[in-house]
Amino acid sequence: MNASAHPSVVTLRAENVAKAFVSGRLRTQVLDGLSLSIEAGELTLISGPSGCGKSTLLAILSGLQNVDAGRVLALDSELGQLDRGQLEGFRLRHTGFVFQGFNLFPALNAREQVELPLHYLGLSRERARARAVHSLEEVGLARRMGLKPAELSGGEKQRVAIARALAKRPQLLFADEPTSALDAASGQTIIDILHRIARTHGTTVLCVSHDPRLIGHADRVLAMEDGRILSDRRVSASPAPHLGTPS
Amino acid sequence: MVALARKTLVHEWRRFLPAILAVGFAGLLQLLQAALVLGIFGSASVYITGSAADLWIGYPGTQSVNLGRAIDPNVEARVLMDPAVAKVEPFIWLDADWRGHADTGGESVFVSGIDPQSAGLMFAHALPPALRARLEEPDAVIVDRADIDKLGVAIGGTAAINGHTVRVVGVSSGLRALGGVNVVSSLATARELDTDPADGGRPTYWVASLRDPAQAGAVAARLRGDGAFGPYEVWTAQGFARRSVLYWMLDTGAGAGVLFLAGIVFLVGAVITSQTLVAAVAGSVREYATLNALGVGVGALRWVVLEQAFWVGALGLLGATVLGAVLLALARGQDVPVVLDIPVTLACVVLAMGLAGVSGLAAIRSLRRADPASLLR
Ligand SMILES: Nc1ncnc2c1ncn2[C@@H]1O[C@H](COP(=O)(O)OP(=O)(O)O)[C@@H](O)[C@H]1O
Ligand SMILES: [Mg+2]
Numbered sequence: 001m002n003a004s005a006h007p008s009v010v011t012l013r014a015e016n017v018a019k020a021f022v023s024g025r026l027r028t029q030v031l032d033g034l035s036l037s038i039e040a041g042e043l044t045l046i047s048g049p050s051g052c053g054k055s056t057l058l059a060i061l062s063g064l065q066n067v068d069a070g071r072v073l074a075l076d077s078e079l080g081q082l083d084r085g086q087l088e089g090f091r092l093r094h095t096g097f098v099f100q101g102f103n104l105f106p107a108l109n110a111r112e113q114v115e116l117p118l119h120y121l122g123l124s125r126e127r128a129r130a131r132a133v134h135s136l137e138e139v140g141l142a143r144r145m146g147l148k149p150a151e152l153s154g155g156e157k158q159r160v161a162i163a164r165a166l167a168k169r170p171q172l173l174f175a176d177e178p179t180s181a182l183d184a185a186s187g188q189t190i191i192d193i194l195h196r197i198a199r200t201h202g203t204t205v206l207c208v209s210h211d212p213r214l215i216g217h218a219d220r221v222l223a224m225e226d227g228r229i230l231s232d233r234r235v236s237a238s239p240a241p242h243l244g245t246p247s
Numbered sequence: 001m002v003a004l005a006r007k008t009l010v011h012e013w014r015r016f017l018p019a020i021l022a023v024g025f026a027g028l029l030q031l032l033q034a035a036l037v038l039g040i041f042g043s044a045s046v047y048i049t050g051s052a053a054d055l056w057i058g059y060p061g062t063q064s065v066n067l068g069r070a071i072d073p074n075v076e077a078r079v080l081m082d083p084a085v086a087k088v089e090p091f092i093w094l095d096a097d098w099r100g101h102a103d104t105g106g107e108s109v110f111v112s113g114i115d116p117q118s119a120g121l122m123f124a125h126a127l128p129p130a131l132r133a134r135l136e137e138p139d140a141v142i143v144d145r146a147d148i149d150k151l152g153v154a155i156g157g158t159a160a161i162n163g164h165t166v167r168v169v170g171v172s173s174g175l176r177a178l179g180g181v182n183v184v185s186s187l188a189t190a191r192e193l194d195t196d197p198a199d200g201g202r203p204t205y206w207v208a209s210l211r212d213p214a215q216a217g218a219v220a221a222r223l224r225g226d227g228a229f230g231p232y233e234v235w236t237a238q239g240f241a242r243r244s245v246l247y248w249m250l251d252t253g254a255g256a257g258v259l260f261l262a263g264i265v266f267l268v269g270a271v272i273t274s275q276t277l278v279a280a281v282a283g284s285v286r287e288y289a290t291l292n293a294l295g296v297g298v299g300a301l302r303w304v305v306l307e308q309a310f311w312v313g314a315l316g317l318l319g320a321t322v323l324g325a326v327l328l329a330l331a332r333g334q335d336v337p338v339v340l341d342i343p344v345t346l347a348c349v350v351l352a353m354g355l356a357g358v359s360g361l362a363a364i365r366s367l368r369r370a371d372p373a374s375l376l377r
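Protein chains in written order, with my numbering: chain A, 1 to 247; chain B, 1 to 377.
These are computed hints drawn from the structure, not numbers from a lab.
Any given hint might turn out to be false.
The calculated lysine to aspartate or glutamate pairs, modelled on EDC-like cross-linking and capped at a C-alpha distance of 20 Å, are [said to hold, decoys possible]: (1) B:Lys7 with B:Glu307; (2) B:Lys7 with A:Asp211; (3) B:Lys87 with B:Glu233; (4) B:Lys150 with B:Asp335; (5) A:Lys148 with B:Glu76; (6) B:Lys87 with B:Asp212; (7) B:Lys87 with B:Asp97; (8) B:Lys7 with A:Asp219; (9) B:Lys87 with B:Glu76.
Next comes chain A alone, as it looks inside the complex (with noise of 0.2 Å):
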């Protein structure tokens, strides 16, 4: 139904992965043969009930968890053949990763929350701290960057995180549950920045969560359940991003 004006590239893909979970003599398979594709410059939500198997597909596309069977290609690499030390490089090169809980150290100003990751990809202090600068201006935070998570609100505490993952360039964004912390305003304002920031730097972004409200904010929904996806749409109007678009 909706033509993109840009061709679309698949940057990540499964296929037919399986996964199942051991806890003494119970076997839950959580996903059996899944297989999809996911593609740059654009939000995709998985959406489905909870215990359906959304975080750890997440885990799966983003090289946090290996598979049972199936293959996952990543960019140009088949995550499944890569070692640990491997893996790591990989995510610091390529990958962002926003959680439901903020994991920010209470140590540190939100400007050094983000520097941080930055100085392990080799960045020196300057760059890294213009960087830094320049991610959570982008996530609207501008006037904040010198507080600590005690003096933040939930909702800034979520852009710091992702700011965080933001200033690495990652052409790969995960969020897991990004909004389950957060009031709705809150949650909706983070939400908007995931989409622009696929939309502004053609980042392959990957949102899982349950909340159904979350739906009408994404280009495509894959709805999943009982680890498989039910239906795969294109969200034909996306609206407009909530926070000032990029002259």
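Please arrange chain B with the ligands on chain A, whose structure you already have, making use of the hints.
Relative to chain A, chain B with the ligands alone:
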């Protein structure tokens, strides 16, 4: 670089305080113990360290100054033949029995018979010339300020040593003995007090100064090999002092005690410190996991924990140094024998930092719980 370890330490100082205190007290305990042991057992060699002699010549096999036996007076001639030797002087050391007028029973004393002239080598550092000159008087003795009450005399008072009447003509400081009381007299007086017929007025030691003290080792080695003048052995002053202190430390079991306490202190300190660091890591485990999700390697995270351990150690040591300096100054003011040298201080620093390091390594293991997959719920 964002100083994560340091900023966390400052921000959560309450959490880290137990570890800092544990390292500090471990260092302090060890330091004070070492200073006390060195101070107490250092008095075993006060005859050597309080004197200006570079070489000590005594009976072969003597383990400690207080165990000397009379040696042949002719040894002096042999020592003087060496061109490096500037001066040779006899020293008489003897055990004796002191009886004061209060008659509270006998007191065991160690009599040091020295040459009282102002250029004399013996106790050159401990007795000022005016004080030593008073020993020229027959039957004059000097005792340490700290022992005067125990001996039941005052300056100018008299007492009996081995039944011979002596008069206290002055007090010294820093001449406390180990296991008894030091009494200093002239060589002539010491010969009067010596009741052992086997000694026959012979000296217990010859002490020598050299033209160049730096040559002590070489000269001692050169003099050692010659038996023509009767049995004797030559030590450098430093070597003989160490030999005496070591003899006492091993003989009394104090050396083993020091090591034992060092082990206990290390163990208790490490348990407290590592538990504190483990708790600190556990408190930030989700943040560490997030960094790992973003690709910061486990190795880099380990460094953060080790750096934290380092700062805990450094702060603990800083506290220990300040408190230790105050306590040592206080002890000196109270005539408590405390001595610290650089190697022992360094050993205490190494112990404290080692403790912090081991605790850091123990805490690193709890980083295993920083699994980024656990952040997805
Ligand atoms: N580490 C694990 N060990 C055992 N079972 C797990 C583990 N992680 C997830 N599961 C199970 O897998 C199923 C899917 O979990 P998850 O992917 O977290 O669902 P969602 O994110 O959609 O709520 C759940 O039934 C959950 O109990
Ligand atoms: Mg989930």
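Here is what the structure says about each hint:
no.	hint	result
1	B:Lys7 with B:Glu307	holds, 11 Å
2	B:Lys7 with A:Asp211	violated, 37 Å
3	B:Lys87 with B:Glu233	holds, 18 Å
4	B:Lys150 with B:Asp335	holds, 15 Å
5	A:Lys148 with B:Glu76	violated, 80 Å
6	B:Lys87 with B:Asp212	holds, 12 Å
7	B:Lys87 with B:Asp97	violated, 32 Å
8	B:Lys7 with A:Asp219	violated, 41 Å
9	B:Lys87 with B:Glu76	holds, 10 Å
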